[in-house]
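J.: Now for the letters of each chain:
2 protein chains.
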Amino acid sequence: MMMSQATATPLIERLLAPTLTPLLWDDEAGLVMLDQRQLPQAVMVLTYTCPLAVAEAITTMVVRGAPAIGLAAAYGLALSVKQSLRQGLSLQATLTQLHQHEAVLRAARPTAVNLMACLDAQLAVLQAWQASPHANDTTVLLAELTQKALALHQADAAGNQAMGRYGAELMPDNAVLLTHCNAGALATGGYGTALGVVRATAEAGKLARIYANETRPRLQGAQLTCWELMNDNLPVTLLTDGMSGWLMQQRKVDAVVVGADRIARNGDAANKIGTYNLALVAKAHGVPFYVAAPRFTFDAALADGSGIPIEERCGDEVRVIEGQAVSPAGLPVWNPGFDVTPAHLITAFITEAGVFTPEQLTDWLT
Amino acid sequence: MMMSQATATPLIERLLAPTLTPLLWDDEAGLVMLDQRQLPQAVMVLTYTCPLAVAEAITTMVVRGAPAIGLAAAYGLALSVKQSLRQGLSLQATLTQLHQHEAVLRAARPTAVNLMACLDAQLAVLQAWQASPHANDTTVLLAELTQKALALHQADAAGNQAMGRYGAELMPDNAVLLTHCNAGALATGGYGTALGVVRATAEAGKLARIYANETRPRLQGAQLTCWELMNDNLPVTLLTDGMSGWLMQQRKVDAVVVGADRIARNGDAANKIGTYNLALVAKAHGVPFYVAAPRFTFDAALADGSGIPIEERCGDEVRVIEGQAVSPAGLPVWNPGFDVTPAHLITAFITEAGVFTPEQLTDWLT
Numbered sequence: 001m002m003m004s005q006a007t008a009t010p011l012i013e014r015l016l017a018p019t020l021t022p023l024l025w026d027d028e029a030g031l032v033m034l035d036q037r038q039l040p041q042a043v044m045v046l047t048y049t050c051p052l053a054v055a056e057a058i059t060t061m062v063v064r065g066a067p068a069i070g071l072a073a074a075y076g077l078a079l080s081v082k083q084s085l086r087q088g089l090s091l092q093a094t095l096t097q098l099h100q101h102e103a104v105l106r107a108a109r110p111t112a113v114n115l116m117a118c119l120d121a122q123l124a125v126l127q128a129w130q131a132s133p134h135a136n137d138t139t140v141l142l143a144e145l146t147q148k149a150l151a152l153h154q155a156d157a158a159g160n161q162a163m164g165r166y167g168a169e170l171m172p173d174n175a176v177l178l179t180h181c182n183a184g185a186l187a188t189g190g191y192g193t194a195l196g197v198v199r200a201t202a203e204a205g206k207l208a209r210i211y212a213n214e215t216r217p218r219l220q221g222a223q224l225t226c227w228e229l230m231n232d233n234l235p236v237t238l239l240t241d242g243m244s245g246w247l248m249q250q251r252k253v254d255a256v257v258v259g260a261d262r263i264a265r266n267g268d269a270a271n272k273i274g275t276y277n278l279a280l281v282a283k284a285h286g287v288p289f290y291v292a293a294p295r296f297t298f299d300a301a302l303a304d305g306s307g308i309p310i311e312e313r314c315g316d317e318v319r320v321i322e323g324q325a326v327s328p329a330g331l332p333v334w335n336p337g338f339d340v341t342p343a344h345l346i347t348a349f350i351t352e353a354g355v356f357t358p359e360q361l362t363d364w365l366t
Numbered sequence: 001m002m003m004s005q006a007t008a009t010p011l012i013e014r015l016l017a018p019t020l021t022p023l024l025w026d027d028e029a030g031l032v033m034l035d036q037r038q039l040p041q042a043v044m045v046l047t048y049t050c051p052l053a054v055a056e057a058i059t060t061m062v063v064r065g066a067p068a069i070g071l072a073a074a075y076g077l078a079l080s081v082k083q084s085l086r087q088g089l090s091l092q093a094t095l096t097q098l099h100q101h102e103a104v105l106r107a108a109r110p111t112a113v114n115l116m117a118c119l120d121a122q123l124a125v126l127q128a129w130q131a132s133p134h135a136n137d138t139t140v141l142l143a144e145l146t147q148k149a150l151a152l153h154q155a156d157a158a159g160n161q162a163m164g165r166y167g168a169e170l171m172p173d174n175a176v177l178l179t180h181c182n183a184g185a186l187a188t189g190g191y192g193t194a195l196g197v198v199r200a201t202a203e204a205g206k207l208a209r210i211y212a213n214e215t216r217p218r219l220q221g222a223q224l225t226c227w228e229l230m231n232d233n234l235p236v237t238l239l240t241d242g243m244s245g246w247l248m249q250q251r252k253v254d255a256v257v258v259g260a261d262r263i264a265r266n267g268d269a270a271n272k273i274g275t276y277n278l279a280l281v282a283k284a285h286g287v288p289f290y291v292a293a294p295r296f297t298f299d300a301a302l303a304d305g306s307g308i309p310i311e312e313r314c315g316d317e318v319r320v321i322e323g324q325a326v327s328p329a330g331l332p333v334w335n336p337g338f339d340v341t342p343a344h345l346i347t348a349f350i351t352e353a354g355v356f357t358p359e360q361l362t363d364w365l366t
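Residue numbers (the numbering used here), protein chains in the order written: chain D, 1 to 366; chain V, 1 to 366.
Isolated chain D, as found in the complex (with noise of 0.2 Å):
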């Protein structure tokens, strides 16, 4: 079932120039992916062809941030087809498989909306086709399949681009930021949502230094937001995740910019855990605090953040650091993947079409 193997250069290249994105697709080879498990310690691609290979691949964070996922996920129902063309399928065996793949993928992580919102963009797609003249003929499926996972990509890094501009737009000369977890180019698909904004910020000549956050315990600010802005030469400094109060009152920040999984209608969002104790401690610093999100990550349907749900993980991502265990057998661990940051301290949401405050959210969504 595991489809995946380390593939050559060639790919490699592609995901790295000219612009950084987690995931490609090729036509030959399928879904190509980086395995962030990995880095910064090795750049190594993965290549799949099964889409419940793509679907373990996203619970075990070959790729992980929110839009990345769900460009993973849309990727993965084309390969279902590809699958059942390769495994000369029926219509009926085909569609029944595709459904299943579906089911499967949406329940890989369950606090990103952007996973469900692709998944229900491609079965838009589905049903477009079977009301098509086409609905007999599977590769047209396949084709139309391809092109909507491909168009969301390239909307997705096309808002990117949109998002940094409004972000950078609000910050001052000389900006001193600070980051959470990795909402980089690695999280979707490409340029990044809050690492969009640090990297219109610097494009506009303004950036004087972006503060990461290591975030444990999966360290996605050390391995991966900090690989991918040294690579960029950007002027980036790692601190724990403990030394954001202490940074602020010793040294000058002027804004905390971080991405999101999901975000309610009144504007409470859920974060990489360890994104609400930097709210607070921004709000007690007065420091600007922005969740840079494009319109997949809203959830219009939920009124507030307490229907979030949140993801509990393995232990052993605490008590255990690159292989090394870091505390005594048996210990209890508690270990949520996210938390959910009030409305109330958030300044305002930076998007693709525009910077909204929590106020201004019920009016843009509906």
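Think of the hints as simulated: they come from the structure by calculation, not from any bench. Any given hint could turn out to be false.
[Claimed, not checked] Pairwise CB distance ranges (calculated): (1) V:Ala-103 to D:Pro-18: 54 to 60 Å; (2) V:Glu-13 to D:Leu-16: 54 to 60 Å; (3) D:Gly-286 to V:Gly-330: 39 to 45 Å; (4) V:His-285 to D:Leu-16: 40 to 46 Å; (5) D:Ala-325 to V:His-285: 28 to 34 Å; (6) V:Thr-59 to D:Trp-364: 54 to 60 Å; (7) V:Cys-314 to D:Val-320: 21 to 27 Å; (8) V:Gln-92 to D:Val-320: 53 to 59 Å.
Glycine included, each C-beta is placed from N, C-alpha and C at the ideal position.
Keeping the supplied structure of chain D fixed, place chain V upon it in accordance with the hints.
T.: Here is chain V on its own, set in the frame of chain D:
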């Protein structure tokens, strides 16, 4: 110069039982300390006969925790005279070397004031000896420095027991507590300051659960606090430093209790980095925030926290975990070892002399 060596079980047993202590004096062996860098993976003992090696043990965190490093330094001056006797040094050479050792020990770590207070106590012993009829007999000086160090050690452990009782009185039934770093038996002469309060709460039958922040970068919470509390069969749960706010949102937390490395006259308190964030988070949730510390940790000479020197430690403590690089090579890192929590975030100080609000401190200290 490094006179440390691994030794056999009897000394280990004396460190672990009847009550855990991170260090002890043995007239034959010298100063015996647990190597806290190895916990919880290995329980290793190092034996010191040279005070310069003790200073290095303080710097490299073989022994850590404000009270414990003060005691190690006090024993270190006894070792200095013992070494001079062994070397057959003259009275003058003994005193010259003693002052050199005292200066090196004093500079081993800058933030915790207990180190300076314990060395000052030993200098008072030296002065009294110099004014005594035995001022030519360095064997008497050795005996008196040893006796003083033992007395400081016993007083610290006894003070922690008193502190614990005062603290336990503040806690409700079925108390759920949260702590940061290790202010336990391992950080003191025994029993612990913050963890002394936790132990006394348990002994009073009132402890439902103690949550422990892992405390990056050195992971003293995960490695030391969890180890010593598990050994006492106390109900400890580990979490990462970024989870405290979400914990208070999702579960009952009755109080935060932490130790301190130096407390100014107005109540501003330096403690392990991450404490300030935790105090802000507790304040936002209306959770009482207690600092447990002996009189030696209060620096009555300092009007407020702005005068507390904050140690900045090597960036590799953040970049490398258990020998594994977790971030890109050459990455800039900010690594302050401590932060200062302002008095207005502190509900009360729990000391061996009773419980004081920040406003009550000046009267007590003068």
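J.: Compare the structure with the hints numbered earlier in the document and write down the numbers of the violated ones, lowest to highest.
T.: 3
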